[in-house]
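Participant: Next come the chains, spelled out residue by residue.
There are 2 protein chains.
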Amino acid sequence: MEKKYGISQETIKRMIRYLRYLEIQKEKGVKIISSKDVTSFLNVPPAQFRKDLSFFGGFGKRGVGYDVHNLILKIKEILGLNKKNSAVLVGAGRLGSALIKYPGFSDINIDIVAAFENDEKKIGQSLKNVKIYSIDGIKEFTRKSRIRVALLCVPAEAAQAVADILVDAGIKGILNFSPAALILPGDVYVGNVDMASEIGNIIYHMDRKQMQ
Amino acid sequence: MEKKYGISQETIKRMIRYLRYLEIQKEKGVKIISSKDVTSFLNVPPAQFRKDLSFFGGFGKRGVGYDVHNLILKIKEILGLNKKNSAVLVGAGRLGSALIKYPGFSDINIDIVAAFENDEKKIGQSLKNVKIYSIDGIKEFTRKSRIRVALLCVPAEAAQAVADILVDAGIKGILNFSPAALILPGDVYVGNVDMASEIGNIIYHMDRKQMQ
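Protein chains in written order, with my numbering: chain V, 20 to 231; chain C, 20 to 231.
The hints are simulated quantities; they were obtained by calculation from the structure and are not laboratory data.
Please read all numbers here as calculations on a predicted model, not as lab measurements.
Take the hints with a grain of salt, since some may be wrong.
The list cannot tell twin chains apart, which means a pair is met if one copy fits it or any two copies do.
[To be verified] DSBU-like mimics (lysine-lysine), calculated; alpha carbons at most 35 Å apart, straight line: (1) 45 to 158; (2) 120 to 47; (3) 147 to 70; (4) 103 to 140; (5) 32 to 158; (6) 55 to 140; (7) 140 to 150.
Build the full structure now, drawing on both the sequences and the hints.
Facilitator: Quick look at the structure:
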């Protein structure tokens with residue numbers, strides 16, 4: 020498969036949405052799917068779906084539909100999700116504990132293999148078979164296990180310092196759940212998830228809409 | 020306080036980040052805080068922080084710093100988070116169950132008061148004191164309790180249909196955790212959180228960066 024660059028984040032995020040939808044259909048026993056089926060449930064314009072796939076070569080036959088199994092394999096290959104991606108979680112607090120138990124990650128082949136903490140009361144315990152280690156040991160662990168992805172669930176004021184430790188430990192991708200905006204080297208990729216901000220934002224705009 | 024319109028989503032999200040940071044400092048007993056303290060931990064340029072506050076009138080004294088307690092009250096008032104916002108959760112599956120237990124919402128005065136399901140095995144049960152009701156009863160519940168916010172945690176293929184039910188039930192703000200893009204009336208405000216997409220996106224871009 021030809022590797023293409025310059026694909027937008029929005030395209031990639033839609034590809035993952037297609038993938039997750041297709042996997043649910045596959046579990047239900049669906050073998051062939053039309054672009055109309057995929058796009059209507061995700062509310063993506065059918066032309067957008069075809070355009071997104073075309074970036075990577077396209078793999079449907081007009082009028083025949085897509086082989087669900089093959090399309091899943093292709094999208095996983097494109098996204099690098101055809102192999103297991105091990106990840107560490109840092110900060111086994113309230114949110115971190117919930118995320119360890121969230122199976123949405125394993126659905127896309129992401130495996131949280133260890134958690135790291137600086138709270139001595141938590142170190143040595145386990146959350147859903149994931150052991151909690153001292154943050155002091157993270158570099159040795161990630162280097163030995165060649166782990167490149169981390170979920171960062173520490174408070175805002177610790178986030179940058181812990182992210183710096185992660186970078187030093189060889190981490191190349193960080194999913195940041197703290198409200199801090201991280202400043203990191205150019206070869207480290209960061210995504211941000213801030214549920215409280217999203218809902219606060221909704222409430223603000225909802226109130227504005229009611230007033231207008 | 021003068022109400023201003025046309026404030027960007029990014030400004031509002033930063034305001035919530037300031038708020039969350041300030042609340043942590045308040046819990047620690049901090050009374051006065053400089054803009055430098057706030058911005059350095061959140062990695063926001065100090066000028067941005069002052070500009071954001073100035074949209075709403077500004078409330079610091081140059082060289083003196085901000086009164087933490089007052090600044091929290093002001094930001095909460097601006098954001099509509101000075102009053103409790105009750106919310107319902109729809110879809111008490113794997114993610115929904117984790118979110119009910121996530122205290123990050125109550126930190127910003129959002130109170131999940133009920134969960135709704137179509138799975139008869141779950142209806143009647145409770146998750147952390149939140150009772151699970153049949154989705155059939157949602158309109159009566161939200162109308163009676165005047166609830167305007169919903170967390171949508173159903174699978175992609177059900178998301179639009181359930182969102183339509185929510186709109187009919189008077190919901191004006193939806194935080195959508197499904198990968199579906201919702202199509203809704205103009206007076207309903209939607210935010211999207213898709214953790215699996217975020218991490219898949221990281222892995223894709225991380226791999227591209229390694230190859231370049």
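Participant: With reference to the structure, classify each hint as holding or not holding.
Facilitator: Hint-by-hint comparison with the structure:
1. Within a single copy, residue 45 and residue 158 get their C-alpha atoms only as close as 39 Å, which misses the 35 Å cut-off; across copies the closest is 33 Å, which meets it.
2. Within a single copy, residue 120 and residue 47 get their C-alpha atoms as close as 24 Å, and across copies as close as 30 Å, so both meet the 35 Å cut-off.
3. Taking CA atoms no more than 35 Å apart as the test, residue 147 paired with residue 70 passes in neither setting, with 41 Å inside one copy and 45 Å between copies.
4. Within a single copy, residue 103 and residue 140 get their C-alpha atoms as close as 31 Å, and across copies as close as 33 Å, so both meet the 35 Å cut-off.
5. When the C-alpha separation of residue 32 and residue 158 is checked against a cutoff of 35 Å, the pair qualifies both within a copy, at 30 Å, and between copies, at 33 Å.
6. Taking identical chains as interchangeable, the C-alpha atoms of residue 55 and residue 140 lie at most 35 Å apart only when they sit on different chains, with a minimum of 33 Å there against 53 Å within one chain.
7. Proximity of residue 140 to residue 150 under the C-alpha cut-off of 35 Å is found in both arrangements, the shortest distances being 13 Å within a copy and 32 Å between copies.
Comparing the model with each numbered hint stated earlier shows that hint 3 is the single one that does not hold.
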